[in-house]
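**Q** Sequence:
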Amino acid sequence: MNDDIITINTQSSTQWDGFRHHGDVKSGSFFMGHTQEAFEASRVLGIDAWAQNGGLQTRGVLIDWAGWARKRDIPINFLEGSVIPLDQVKAIIREQKIELRPGDVLFIRSGFAGFLKTLSAQEQLNISQRSPPEYIGLESTKETLRWLWENRFSAVAGDMVGLETIGGSNTEYLLHQWLLAGWGMPIGELFDLEELAERCAQEGRYTFYLSSVPLKMPGGVASPPNAVAIL
Numbered sequence: 001m002n003d004d005i006i007t008i009n010t011q012s013s014t015q016w017d018g019f020r021h022h023g024d025v026k027s028g029s030f031f032m033g034h035t036q037e038a039f040e041a042s043r044v045l046g047i048d049a050w051a052q053n054g055g056l057q058t059r060g061v062l063i064d065w066a067g068w069a070r071k072r073d074i075p076i077n078f079l080e081g082s083v084i085p086l087d088q089v090k091a092i093i094r095e096q097k098i099e100l101r102p103g104d105v106l107f108i109r110s111g112f113a114g115f116l117k118t119l120s121a122q123e124q125l126n127i128s129q130r131s132p133p134e135y136i137g138l139e140s141t142k143e144t145l146r147w148l149w150e151n152r153f154s155a156v157a158g159d160m161v162g163l164e165t166i167g168g169s170n171t172e173y174l175l176h177q178w179l180l181a182g183w184g185m186p187i188g189e190l191f192d193l194e195e196l197a198e199r200c201a202q203e204g205r206y207t208f209y210l211s212s213v214p215l216k217m218p219g220g221v222a223s224p225p226n227a228v229a230i231l
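Numbering (the working numbering), first residue to last: 1 to 231.
The hints are simulated quantities; they were obtained by calculation from the structure and are not laboratory data.
Treat the hints loosely; a few may be bogus.
[As the list claims (entries may be wrong)] Derived DSSO-like pairs (lysine-lysine); straight-line CA-CA distance at most 30 Å:
| no. | residue 1 | residue 2 |
| --- | --- | --- |
| 1 | Lys90 | Lys142 |
| 2 | Lys142 | Lys71 |
| 3 | Lys71 | Lys90 |
Can you make the complete structure from the sequences, with help from the hints?
**A** Structural data, given as structure tokens:
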């Protein structure tokens with residue numbers, strides 16, 4: 001007979017950021033005006049609510065920015081706060097002839113997860129301990145926020161450390177602040193999209209059925225996604 005004991009930081013690997021993770025920088029309040037004091041006194045906004053309501057059962061859309069960029073010899077630097085421009089994301093959607101729908105979950109592949117697989121455990125640790133941290137991500141601008149809002153995604157995710165660029169100077173339009181604390185739009189981070197991108201390229205389509213049911217963890221801040229894409 002065998003057993004497993006698993007101890008994890010839910011922010012250290014593939015994850016959904018829940019609504020207790022990041023608040024408004026200026027006011028300190030979280031989604032729907034909840035406060036840190038409310039979190040300490042209750043389990044309000046816990047990620048367990050997702051599991052209680054069936055998780056995410058919807059259509060996923062993959063934007064393979066890494067594959068698109070490499071075909072055009074666009075240099076990709078994963079560790080210097082490089083930006084994935086919104087205009088390029090829109091260009092990929094046009095080229096793939098994707099019709100976005102309300103409720104879609106948007107996935108953006110930067111190639112970062114594949115890059116991590118080429119490193120040793122020690123090299124990965126060294127990267128995580130850099131100060132200040134700098135990582136590739138989606139640009140954090142007013143235009144990006146407006147586009148995400150107007151397309152009415154149910155969530156947005158990527159294979160990057162923080163979805164948005166980490167290490168830039170623009171703090172006014174932090175996606176974490178606006179999406180999590182402002183709108184209640186979950187953010188997915190460090191999703192391994194390598195195999196999915198390969199399959200999508202083989203089949204010539206970049207939409208799929210997504211099922212994701214986070215852990216039923218009362219008052220949870222984040223959770224492994226327990227996700228599957230069905231093409």
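**Q** Within 30 Å, alpha carbon to alpha carbon, are Lys71 and Lys90?
**A** holds, 17 Å
**Q** Given the hinted pair Lys90 and Lys142, is their alpha-carbon gap at most 30 Å?
**A** The given pair, whose Cα atoms are some 15 Å apart, holds under the 30 Å limit.
**Q** So if I understand the rule, the pair passes when the alpha-carbon distance is 30 Å or less; does Lys142 with Lys71 pass?
**A** Roughly 28 Å between the alpha carbons, so the hint for Lys142 and Lys71 holds.
Consistency with the previously given hints is maintained throughout, with no hint failing.
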